Amino acid sequence: MATISLDSLDLAALLCSRVCHDVISPVGAIVNGLEVLEDDSDASMRDFALDLIQKSAKQASARLQFARLAFGAAGSAGASIDLGDAEQVARGLFLDDKISFSWSSPRLLFPKNRVKLLLNLVMIATTAIPRGGSIAVTVTGDAESCAFTLVSKGLNARIPAHSEALLAGDSENGTVDAHGIQVYYAGMVARASNMSIAFGIEGDEVTIKAATV
Numbered sequence: 001m002a003t004i005s006l007d008s009l010d011l012a013a014l015l016c017s018r019v020c021h022d023v024i025s026p027v028g029a030i031v032n033g034l035e036v037l038e039d040d041s042d043a044s045m046r047d048f049a050l051d052l053i054q055k056s057a058k059q060a061s062a063r064l065q066f067a068r069l070a071f072g073a074a075g076s077a078g079a080s081i082d083l084g085d086a087e088q089v090a091r092g093l094f095l096d097d098k099i100s101f102s103w104s105s106p107r108l109l110f111p112k113n114r115v116k117l118l119l120n121l122v123m124i125a126t127t128a129i130p131r132g133g134s135i136a137v138t139v140t141g142d143a144e145s146c147a148f149t150l151v152s153k154g155l156n157a158r159i160p161a162h163s164e165a166l167l168a169g170d171s172e173n174g175t176v177d178a179h180g181i182q183v184y185y186a187g188m189v190a191r192a193s194n195m196s197i198a199f200g201i202e203g204d205e206v207t208i209k210a211a212t213v
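Using the UniProt record's numbering, you'd call the opening residue of the sequence shown number 1 and step up by one each time.
No lab work stands behind these hints, which were simulated from the structure alone. Certain hints may be false.
Label pairs and their computed distance ranges (CB to CB) [stated by the list, open to error]:
{"#": "1", "residue 1": "Asp7", "residue 2": "Asp47", "range": "45 to 55 Å"}
{"#": "2", "residue 1": "Glu205", "residue 2": "Asp42", "range": "30 to 40 Å"}
{"#": "3", "residue 1": "Ser102", "residue 2": "Ser44", "range": "16 to 26 Å"}
{"#": "4", "residue 1": "Glu202", "residue 2": "Val31", "range": "40 to 50 Å"}
{"#": "5", "residue 1": "Val27", "residue 2": "Ser134", "range": "22 to 32 Å"}
{"#": "6", "residue 1": "Ser41", "residue 2": "Arg68", "range": "36 to 46 Å"}
Predicted model only: the values in this text are computed from it and were never measured. Positions of the beta carbon are idealized from the N, C-alpha and C atoms, including for glycine.
Can you make the complete structure from the sequences, with help from the hints?
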């Protein structure tokens, strides 16, 4: 393993690529729906197109709101974020029925980097169950000393490939691409938050734990 060397411009570019990748699909579906409305006079097709546009618009909005907290500034330096707001944007990622989602936490203000870490861990938790299932998030403690536990349960659950190395800032060749940048970024935020991360797996259940050092 080699330590990843990445300057600020490349980090910004890769994170932008990741956010765009997540939003392109629902936005493209909206465009397709509008084209159907323009070209097709069949009532059933128009109803289908309107339903597609509505669902895709909600999905695009949810992903952008999530990205704003998970990757964005979300306030000035040193700002805190309400865990209730974090829960709301996290739930927005699970609008379909592929993954059921539960969240248990106190309604407190947490330092923004710890909230950003929690949301990034939610993203990692979804990749642990590629065939769907359930994700349960539990937050304990307070702003000074806290712990996050995320349990992903589903068929063929697995610890996401290379995630442990990327969280530590390492990769086989010392580089990272747009696919792995989110996990690498989560590791950066964890170190900035003085929190450690550990994975566990038992059967079809993957556990991600983060705690203040």
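Next on the checklist: Let me make sure I understand: some of the numbered hints might not hold for this structure. Which ones are they, in numerical order?
Outcome noted: Numbers 2, 3 - these are the hints that the structure violates, sorted from lowest upward.
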